Amino acid sequence: MEEIRQIQLYNVHKQMSKLTVFAGFEMPLWYKGITPEHLGVRNSVGIFDISHMGRIMITGADSEHFVNYVITNNVSIIPPNGAQYSVMCNKSGGIIDDFVIYRLEKEKFMMVSNATNREKDHDWLVKNVGGFNVKIEEISNDVAMFAVQGPNAEKTLQEFSTEDLNKFERFKCGYSRLANVEVFLSRTGYTGEDGFEVFVWNASVNKPDYAVKLWNTILRAGKPFGIEACGLGARDTLRLEAGMCLYGNDIDENTTPLEAALSFVVKFQKDNFIGKETLLRQKSEGIKRKRIGIRMIEQGIPRSNFEIYSEKGEKIGRLTSGTFSPLLKQGIGMGYVQTSYAQEGNSVNVRIRDKQAKAKITSFPFYDPEKYGYKRKAFS
Amino acid sequence: MVKVDGYEVSEGLYYTKDFEWVKVEGDKVRVGITDYAQKQLREIVYAELPSPGTTTKQNEPYGTVESVKAVSDLVAPISGTIEEVNAEVQSKPETLNEDPFGKGWLLIVKPSNLQAELANIMDFDKAVEWHKSLAK
Numbered sequence: 001m002e003e004i005r006q007i008q009l010y011n012v013h014k015q016m017s018k019l020t021v022f023a024g025f026e027m028p029l030w031y032k033g034i035t036p037e038h039l040g041v042r043n044s045v046g047i048f049d050i051s052h053m054g055r056i057m058i059t060g061a062d063s064e065h066f067v068n069y070v071i072t073n074n075v076s077i078i079p080p081n082g083a084q085y086s087v088m089c090n091k092s093g094g095i096i097d098d099f100v101i102y103r104l105e106k107e108k109f110m111m112v113s114n115a116t117n118r119e120k121d122h123d124w125l126v127k128n129v130g131g132f133n134v135k136i137e138e139i140s141n142d143v144a145m146f147a148v149q150g151p152n153a154e155k156t157l158q159e160f161s162t163e164d165l166n167k168f169e170r171f172k173c174g175y176s177r178l179a180n181v182e183v184f185l186s187r188t189g190y191t192g193e194d195g196f197e198v199f200v201w202n203a204s205v206n207k208p209d210y211a212v213k214l215w216n217t218i219l220r221a222g223k224p225f226g227i228e229a230c231g232l233g234a235r236d237t238l239r240l241e242a243g244m245c246l247y248g249n250d251i252d253e254n255t256t257p258l259e260a261a262l263s264f265v266v267k268f269q270k271d272n273f274i275g276k277e278t279l280l281r282q283k284s285e286g287i288k289r290k291r292i293g294i295r296m297i298e299q300g301i302p303r304s305n306f307e308i309y310s311e312k313g314e315k316i317g318r319l320t321s322g323t324f325s326p327l328l329k330q331g332i333g334m335g336y337v338q339t340s341y342a343q344e345g346n347s348v349n350v351r352i353r354d355k356q357a358k359a360k361i362t363s364f365p366f367y368d369p370e371k372y373g374y375k376r377k378a379f380s
Numbered sequence: 381m382v383k384v385d386g387y388e389v390s391e392g393l394y395y396t397k398d399f400e401w402v403k404v405e406g407d408k409v410r411v412g413i414t415d416y417a418q419k420q421l422r423e424i425v426y427a428e429l430p431s432p433g434t435t436t437k438q439n440e441p442y443g444t445v446e447s448v449k450a451v452s453d454l455v456a457p458i459s460g461t462i463e464e465v466n467a468e469v470q471s472k473p474e475t476l477n478e479d480p481f482g483k484g485w486l487l488i489v490k491p492s493n494l495q496a497e498l499a500n501i502m503d504f505d506k507a508v509e510w511h512k513s514l515a516k
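If you read the sequences in order, they're chains A and B.
Quick note on numbering: my numbering labels position 339 of the first sequence as 339, and the sequence is numbered without any gaps.
Converting from the second sequence to my numbering requires adding 380 to each position, the first position being numbered 1.
These are computed hints drawn from the structure, not numbers from a lab.
Bear in mind that the values here come from a model prediction, so they are computed numbers and not experimental data.
It is possible that part of the hints are untrue.
[Stated by the list, open to error] Using 20 Å as the maximum straight-line C-alpha spacing, the simulated SDA-like pairs for lysine to any residue come out as follows:
1) B:K419 x A:L29
2) B:K449 x A:R295
3) A:K329 x B:E478
Work the whole structure out from these sequences, hints included.
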């Protein structure tokens, strides 16, 4: 049994939330409850402690070339203070991890990876250094990380930021100070909403003062907006409504980014990158299965591993995530089906225990992007 | 009604270790889930219940309740034929959280072997003791 690790704010969360063990870390599962936290983020603002995530610095003269060699997206197109979603693959095109990569300086990158893959990603990067002149440094333990998400996220942080936060466009990032604490801010998130992720430097588990101070400051500033402290439960339902993958459920080393409907992060025009040959072959031959969204028409809540059937009764795939959508008040899920069935609007059946329940294949996000999410029309 | 570590236990009912209660009402019994069960599940969003006319068998699953993240089997406390199913918990599953011993009842069953089966489950006093052990 692996040792259970604590994050910087363990003692704070222990008082406020129901804890659970996730990826070896004792983490908040919920504070008030998944539904109020979820709706708090969609309608106003919520804060998540995501200090369990992995943070790896990649620096050096060859850092741009090295990153482009290991990941499938192209970091050459992002300037310093920019960020990008990507995956990295093994030689067979299987996804090692998905992450956001930040360009802090011309020759300084930060990869923010899934907590489950902290060690694996670091080892994979080190293993592939070869002749590249780069330094790879795990800094996860010295950095706390919060996500402040929702249409009132900017207003909340602006309450006590001396900088105009409006200048941070989506997927832009940079060093800043909040409540006199050194931070790195980025306009990114895992909820589908507008919002920020806040990296708190100099905040180790043994010296969490800066992180605690900032957490409390954000909660106080968000009070007029009804800010909710949110746990991993709401984080999962929010990302699923937005159609985002959870590593280990929806993607893993046995799925490729093409199958996972992530081909927008695979840049074949680039020079060599790990997995390119296999992915090119798969692209020309065509994928056999594809990641899709499922929305229940009949009663029932789809769950991970439930089987998907065609209307004629053939088994065509399997769900990899599923939940009751707190916003839409119905069952939603994602999974893989044979490519020929993967069209939006197709009717399918989900086997829920001993029953077949009607569902429809749906595009992401599940919610109406004019009403919810970062693309929503003016929010008042 | 007594509270054991914040969980209500209601007098006059029988209880199972699958977190269900039974209330004898003449020649029928009413069945539901306990306060402890609803508090563990939280935010119940869906209840799948059998149809009237079908049968239940003591200790065997007859339906499910689901929260946002979790699925739990409902396990029958008593064998018999289902006479009525509470439509309100199907349309408003949160009733199970709000009033588990009252409006949140699940089934009315015509029992087939009531006296023998009641001996297999806990009366109020035993249920209070059991809730104390759960709290530890």
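Each hint, compared with the structure:
For the hint linking K419 (chain B) to L29 (chain A), the alpha-carbon distance of about 15 Å falls within 20 Å, and the restraint holds. Distance check on the hinted pair: K449 (chain B) and R295 (chain A) sit about 16 Å apart at the alpha-carbon level, within 20 Å; holds. For the suggested pair K329 (chain A) and E478 (chain B), the alpha carbons sit about 18 Å apart, so the restraint of at most 20 Å is met.
Against the hints set out earlier in the document, no violation occurs for any number.
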